[in-house]
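Quick note, the sequences are listed as chains P and G, same order. Numbering-wise (the numbering used here), the first sequence opens with residue 382 and increments by one. Numbering-wise (the numbering used here), the second sequence opens with residue 7 and increments by one.
Calculated from the structure, these hints are not laboratory results. Ideal Cβ positions, reconstructed from N, Cα and C, are used throughout, including at glycine. Hints should not be assumed to be uniformly reliable.
Straight-line distance between alpha carbons at most 25 Å, and here's what the computed BS3-like set of lysine-lysine pairs gives [what the hints assert, rightly or not]:
id, chain 1, residue 1, chain 2, residue 2
1, P, K427, G, K25
2, P, K448, P, K487
3, P, K448, P, K427
4, G, K18, G, K29
5, P, K487, P, K427
6, G, K18, P, K427
Pairwise CB distance ranges, derived in the manner of DEER restraints [claimed, not checked]:
id, chain 1, residue 1, chain 2, residue 2, range
7, G, S23, P, R443, 30 to 36 Å
8, P, N433, G, P20, 42 to 48 Å
9, G, S127, P, V440, 27 to 33 Å
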Amino acid sequence: QSVLTQPPSASGTPGQGVTISCSGSPSNIGSKIVTWYQQVPGTAPKLLIHSNGQRPSGVPDRFSASKSGTSASLAISGLQSEDEADYHCAAWDDSLNGWVFGGGTKLTVL
Amino acid sequence: QVQLVQSGAEVKKPGASVKVSCKASGYIFFNYGISWVRQAPGQGLEWMGWTSAYNHNATYAQDFQHRVTMTTDTSTRTVYLELRSLRSDDTAVYYCARRITSPAEDWFDPWGQGTLVTVSS
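This is chain P alone, in the form it adopts within the complex (with noise of 0.2 Å):
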């Protein structure tokens, strides 16, 4: 059972945006920022999201990040099929004392 909440999938079509969802706590997405992991099936976690929003240098300005209360959203527009893949949620809990993460939401592109 994960700390933090994610859908456990999401779809679009090519050329569609989608947005997915992190819901946590005031020990961690309520005081903490939310970083968004990408993970292609079979491969490592890779980072697509910190800092508020910054994206590193390859990861196309498509993906956007916000957060509202002790929620967080990952959002994905204009759809392209390599962005099938699954989208972890993480923050540092204060209770917990330790990094959380999301179940992870898989994104299918249909």
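Chain P is already provided as a structure; the job is to place chain G on it using the hints.
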């Protein structure tokens, strides 16, 4: 380029120990810590702890405190994860990841390729 290369897959019996290595290259080793994160089959990611390459101090997640040790060999730029008293539910892919620290937050980048540890009698 920055790279973390992990050791190969392991098969262990319940009650045994496993030691996974993570060799770093392409950056100033002492400037960053290494975190360990595992992923059970079909499950999400689970943080296990991290160790500083600078002073070798380690911080462990509460769930693993009593049976995990993270060590560093600076001469070979290699970090090790040892997990003891293995159970079947420790079957997972174990990842190392470089910890990047900023004034406001930390994040993990890059990640190693992962090491599958299978615990089975």
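Hint numbers the structure violates, sorted upward? 6, 7 and 9
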